[in-house]
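**Q** Below are the chains, spelled out letter by letter.
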Amino acid sequence: MVGTSRFALNAYELVNEIKNGSISVEDYIASMFERIRKMDERINAYITLNEHALEEARIVDKALKGYTEWKGYSNGNGNGNSSILLGVPLAVKDNISTQGIRTTCASKMLEDYVPVYDATVVKRLKDAGAIVIGKTNMDEFGMGSTTEFSAFGVTHNPWAYERVAGGSSGGSAAALASCMAGIALGSDTGGSVRCPASFCSIYGLKPTYGLLSRYGLISYANSLECIGLMARSVLDLALMLKVTAGSDMQNDHTSIDADTSLSLDPESISPDIKGMRFATIREVVESEGIDEPVRDSMLDAISSVEQLGAIVEEVSIPSLRYALASYYTIAMAEASSNLARYDGIRYGYTEEPDGVAWNEFYSTIRGNFGSEVKRRIMLGTYVLSSGYYGRYYMKAQKARALIRDDMLKVLKDYDAIMMPTMPILPPRIGERVSDPLRLYNIDVCTVLANLAGVPALSIPYSMYNGLPIGVQFMARHLDEPLLLRIAYALESARCDKVRRCII
Amino acid sequence: MTKMSSDARVRIGLEIHCQLTALRSKLFCRCSADYRGKEPNTNVCPVCLGMPGTLPLLNRRAVEYAIMLALALNCKISKRITFYRKNYFYPDLPKNFQITQYNAYEHASVGVDGSLVLDDLNGSSKTIRIRRLQLEEDPGRLAYEGSIDTANYALVDYNRAGVALVEIVTEPDFDEPSEVRLFLNRLASILEHLGICNPALEGAVRCDANISIGEHARVEVKNINSFKDVERAVAFEITRQRSLASRGIEIRGETRHWDDARRITVQARMKEEEEDYRYFPEPDIPSIVVKEEDVEALRARMPELPYARVERFVKVYSLSSDTARILVNEKHLADLFEASTKYYDNARSIANWIVTDLKGYLERYASYDRNSKGDDGSSNSIFAKVTPRHIAELAMLVDSGKINRVTARQILQNVVASGMLPSAIVQGMDADMLSKKDELESIVNRVIEEERKAFMDALSNEKALNYLLGKVMRYSNGRADPKLALSMLKEKVADKSKGGK
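So the sequences go chain by chain: A and G. Numbered per this note's numbering, the first sequence finishes at 503, counting up by one with no gaps. Numbered per this note's numbering, the second sequence finishes at 501, counting up by one with no gaps.
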């Protein structure tokens, strides 16, 4: 295989080419770096590239030629996934810990921080043969929906450079859409995987809370966030899920011990959704905040799934009006505590501490957070203050429980909830950042899955004037296989209408 | 303000932190729980250093130990045990929050509403209520080069960070400093009997005291390093507050530190405002739902507790309850007692020996405080030499009329020094006691010759003298008169230090 098109290969196709000897991993990674050097000046998807990637590629090549046995970089994980992503270039969002590769969270506070350990999910992907190619841009600590709040500059949308790629996992989505990576990791606190996936026309899966270990995901809002999976095809997503899912009782008390291996076998995914029942939500459909092209795309998606034999009905969930307030209150409260550790004493950004009182030292160092992070730390500190806990945090938790119960009630009667991923088209750079409330409002469809802890998948559905529009499905806890089936059905039905990368 | 009478009621409450020293690992990671004596910042990992992205993994056994202690203190065990974050900035706190427990919104701590009965208060008894018992992580430690006032920076050692602590908070039910001491000793005995904490280790049990008189503001005293000092600090604070009150001076609600060198409390730096810890439930540790049967299973696994042991000693060995209590109050004495009865069946005689003679000896010679700042080396080394067989033989020799009590006490001294069995010592004494100076002279000289280093140490350290005495006793096959030998050794040391260095 020659030419640029090989960068557009899906991961499962690439693994076949590598295994049958048509592609050398070292060549592939080297030319991928070449491509990144050329393209990323305009897109700015990466913050740091992995300088050991070529070494790792050589290890894979050697194993392929039978010189050594492939056991994964950390001596194998023994779960039978040891080569299913062999040689696939993996982009990792820069808030996920990678041993020996700088991990900044797109923050000046961590501009020099090099972790001593791999996140569990990264370790599992590496053991399956994936090669970390670099760390991707994002909103600082995941706080944003456009990747504009980065200490390392904004990420441009590969489909329209003057527009945002979405966020906060904007770098990962842009890298995939521009074929600067084969698969990617993001994180999703209130839609941070699905939003950029939708804006960049790729798949973004926010798994069930706890299905993927959070160990190594740098905390923003612990009770809401998950590591999310991003890919250009449903089968790639299935492969990634198979490798990464499952309990991590070694490190993470909150991970679920779910046996998903059987139902996630990519071979077994059927594109058949006949008879499935989907719910749309009146409060979302009728919302004034939805752009016309998005509404049209949604209506088209409804008729598409109906043509495939699914039944779509509209339901009402009145408690959804509390979703954004509940989400932001909880997220900011948790953030204010999580981000307290960045004080310049043990790692990251620091200054000479001699002769300075600690409180003074702390304020100097912590002045290096970006403005949006400061805003959320202050708001979070406020809602947790004594006397306000009951009025804000506890109330937000009660609203969250209500929303979750209402969502689960709907999911008892329906297989999935269907809605747009984002209510708007990708905005122009600078268009939304000046008004925080307008910015927060665009998370209205995505936060629901995080509040309820259910899985959600953004599927690239259509284009409007060259701008991607996604559709989103949410399912019951641990029903990722169902989401993959829906996506596979739409992918098969619309393969000639949707492009998932731009070369 | 209104003038208060200076004899208004004193109220004392305690906040006690006990490290679960019997655990192998820290509360949330696999680092060793035994941080003592290690190079700074070597007993650490990404989790206890709070590196970005790490998550706590709760030590199951720590929860079990805490539940056992809560049961021993008659606490109710919470049905849902939940951890909270206590947020504040301090360099010894790697995450700038402490994972602890908090009861303002629910009964989240391991135990609540417990009690401990002090039943040997000169014949009367009294119940101290326990408000709560909670599990939390220990912070690291700060160190300064030179004094804290002149140092230009602080050094931080995170070896201790993340070690499991149980915090016990009492109601303000104490009226007297002596009750505080009694309570702490009783608690120490419970910890020893449960085998979850060794109170003799430095910093394993730490105590803060809250003291108020009448309607005056409450004063918190921190930084108290030993049980003896808790009693002293509380007594000092009562005197200080009474004296202020009697002169009509306002008693400020404040935090004070115990200065153990000067034996006074001093005002800690004033806080500019009331600290707001912004407690909220720790999202990374799911609540533990505690089932009744789990608690009962733990209760069944618990070792014999001090109260039960006292009762058993009274019943099985016919000891007086006072004697039994004194023994059980320090687990090693009770263990020594029980083991000694295997060699000699007059239990009461053995018990008396331990309670009056051995304990008296320890208190006089071993500067013995079970929760002292320094390590407890002196009494430990004594227990290494005085075995159950020694005690049994001594009691037997006295009971059989072979020796009198005074001689027996001398023999004990000899035992402590030499580790020889009392019967052998008595034989030596019977044959002929080396009680003349000139007869001992050659042995003493030989020991000084061979043990040059110990002899030089003895110039500055009394403990080295005991070591030399032990050698003299051994070379004389126990026939030397220990008193005489000791005075001769002291003389030699004195000569040496006078005679130029």
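Everything labelled a hint here was simulated from the structure, so no lab data went into it. Quick caveat: nothing in here was measured; it's all calculated off a predicted structure. Glycine is no exception: its CB is placed at the ideal position from the N, C-alpha and C atoms. Wrong hints could be hidden among the right ones.
[Unchecked claim] Below 27 Å or equal to it, Euclidean Cα-Cα: the simulated DSSO-like pairs (lysine-lysine) are:
no.	chain 1	residue 1	chain 2	residue 2
1	A	K398	G	K437
2	G	K76	G	K291
3	G	K291	G	K342
4	A	K395	G	K79
5	G	K490	G	K38
6	G	K76	G	K86
7	G	K291	A	K398
8	G	K38	A	K395
9	G	K228	G	K402
10	G	K453	G	K359
11	G	K402	G	K453
12	G	K126	G	K483
13	A	K374	G	K228
14	G	K498	G	K385
15	G	K385	G	K483
16	A	K108	A	K395
17	G	K222	G	K291
18	A	K398	G	K483
[What the hints assert, rightly or not] Derived Cβ-Cβ restraints for the label pairs, each shown as a range:
no.	chain 1	residue 1	chain 2	residue 2	range
19	G	E39	A	D354	41 to 49 Å
20	A	M394	G	S115	30 to 38 Å
21	G	K38	A	L467	30 to 38 Å
22	A	D354	G	A308	51 to 59 Å
23	A	D413	G	A308	56 to 64 Å
24	A	M394	G	N152	26 to 34 Å
25	A	R42	G	G146	55 to 63 Å
26	G	E250	A	D354	50 to 58 Å
27	A	V114	G	N198	21 to 29 Å
28	G	G146	A	V114	46 to 54 Å
29	G	N198	A	A401	55 to 63 Å
30	A	A325	G	A297	17 to 25 Å
31	A	G289	G	A104	35 to 43 Å
[Unchecked claim] Short, incomplete list of chain A residues facing chain G, as computed with Cβ under 10 Å:
no.	residue
32	G348
33	T350
34	N359
**Q** Run every hint past the structure and note whether it holds.
**A** We went through each hint and held it up to the structure:
For the hint linking K398 (chain A) to K437 (chain G), the alpha-carbon distance of about 88 Å lies beyond 27 Å, and the restraint is violated. For a cut-off of 27 Å, the pair hint linking K76 (chain G) to K291 (chain G) stands: about 13 Å separates their Cα positions. Between the alpha carbons of K291 (chain G) and K342 (chain G) the distance comes to roughly 41 Å, so the proposed pair goes past 27 Å and is violated. Restraint check: the Cα-Cα separation between K395 (chain A) and K79 (chain G) comes to about 23 Å, which is no more than 27 Å; the hinted pair holds.
Pair hint K490 (chain G) plus K38 (chain G) does not hold up; C-alpha atoms about 37 Å apart against a cutoff of 27 Å. Note on K76 (chain G) and K86 (chain G): the hinted pairing holds, with a Cα-Cα distance of about 23 Å set against a maximum of 27 Å. Taken as a hint, the K291 (chain G) and K398 (chain A) pair is honoured in the structure, with Cα atoms around 25 Å apart against an allowance of 27 Å. For the suggested pair K38 (chain G) and K395 (chain A), the alpha carbons sit about 47 Å apart, so the restraint of at most 27 Å is broken.
About 39 Å separates the Cα atoms of K228 (chain G) and K402 (chain G), which puts this hinted pair outside 27 Å; it is violated. Distance check on the hinted pair: K453 (chain G) and K359 (chain G) sit about 31 Å apart at the alpha-carbon level, beyond 27 Å; violated. The straight-line distance between the Cα atoms of K402 (chain G) and K453 (chain G) is roughly 39 Å, outside the 27 Å bound, and the hint therefore fails. Proximity of K126 (chain G) to K483 (chain G) is assessed by CA-CA distance (about 45 Å); at most 27 Å being required, the pair is judged violated.
In summary, the hint linking K374 (chain A) to K228 (chain G) is not supported, as the alpha carbons are separated by about 48 Å, beyond the 27 Å threshold. Straight-line distance between C-alpha atoms of K498 (chain G) and K385 (chain G) comes to about 34 Å, which puts the hinted pair past the 27 Å bound. Taken as a hint, the K385 (chain G) and K483 (chain G) pair is honoured in the structure, with Cα atoms around 19 Å apart against an allowance of 27 Å. A distance of roughly 34 Å separates the Cα atoms of K108 (chain A) and K395 (chain A); the hinted pair therefore is violated under the 27 Å criterion.
For the hint linking K222 (chain G) to K291 (chain G), the alpha-carbon distance of about 37 Å lies beyond 27 Å, and the restraint is violated. Using a Cα cut-off of 27 Å, the hinted pair K398 (chain A) and K483 (chain G) is violated, with the two alpha carbons roughly 77 Å apart. A beta carbon spacing of about 23 Å between E39 (chain G) and D354 (chain A) contradicts the range 41 to 49 Å that was offered as a hint. Distance hint check for M394 (chain A) and S115 (chain G): the Cβ-Cβ separation is about 32 Å, which falls inside the suggested range of 30 to 38 Å.
Range check, K38 (chain G) to L467 (chain A): about 59 Å between beta-carbon atoms, so the 30 to 38 Å window is missed. Restraint check, D354 (chain A) to A308 (chain G): a C-beta distance of roughly 57 Å satisfies the suggested window 51 to 59 Å. Between D413 (chain A) and A308 (chain G), the C-beta spacing of about 59 Å keeps the proposed range 56 to 64 Å intact. For M394 (chain A) and N152 (chain G), the hinted distance range of 26 to 34 Å is not satisfied, since their beta carbons lie about 44 Å from each other.
Distance hint for R42 (chain A) and G146 (chain G): a CB-CB separation of about 57 Å, consistent with the stated range 55 to 63 Å. For E250 (chain G) and D354 (chain A), the hinted distance range of 50 to 58 Å is not satisfied, since their beta carbons lie about 39 Å from each other. For the pair V114 (chain A) and N198 (chain G), the beta carbons lie near 39 Å from each other, so the given range of 21 to 29 Å is not met. Separated by about 34 Å at the C-beta atoms, G146 (chain G) and V114 (chain A) break the suggested range of 46 to 54 Å.
Under the hint 55 to 63 Å, the C-beta atoms of N198 (chain G) and A401 (chain A), about 44 Å apart, miss the expected range. A hinted range of 17 to 25 Å is violated for the C-beta pair A325 (chain A) and A297 (chain G), which are about 44 Å apart. Taking the beta carbon of each, G289 (chain A) and A104 (chain G) are about 39 Å apart, inside 35 to 43 Å as hinted. At about 8 Å, the closest approach between the beta carbon of G348 (chain A) and any beta carbon in chain G falls short of 10 Å, and the interface hint on this residue holds.
Annotation: T350 (chain A) was flagged as interfacial toward chain G, and the flag is violated, the nearest CB pair being 13 Å apart, outside 10 Å. Here the hint on N359 (chain A) is kept, as its CB sits about 7 Å from the closest CB of chain G, short of 10 Å.
In this structure, the hints that do not hold are numbers 1, 3, 5, 8, 9, 10, 11, 12, 13, 14, 16, 17, 18, 19, 21, 24, 26, 27, 28, 29, 30 and 33, in rising order.
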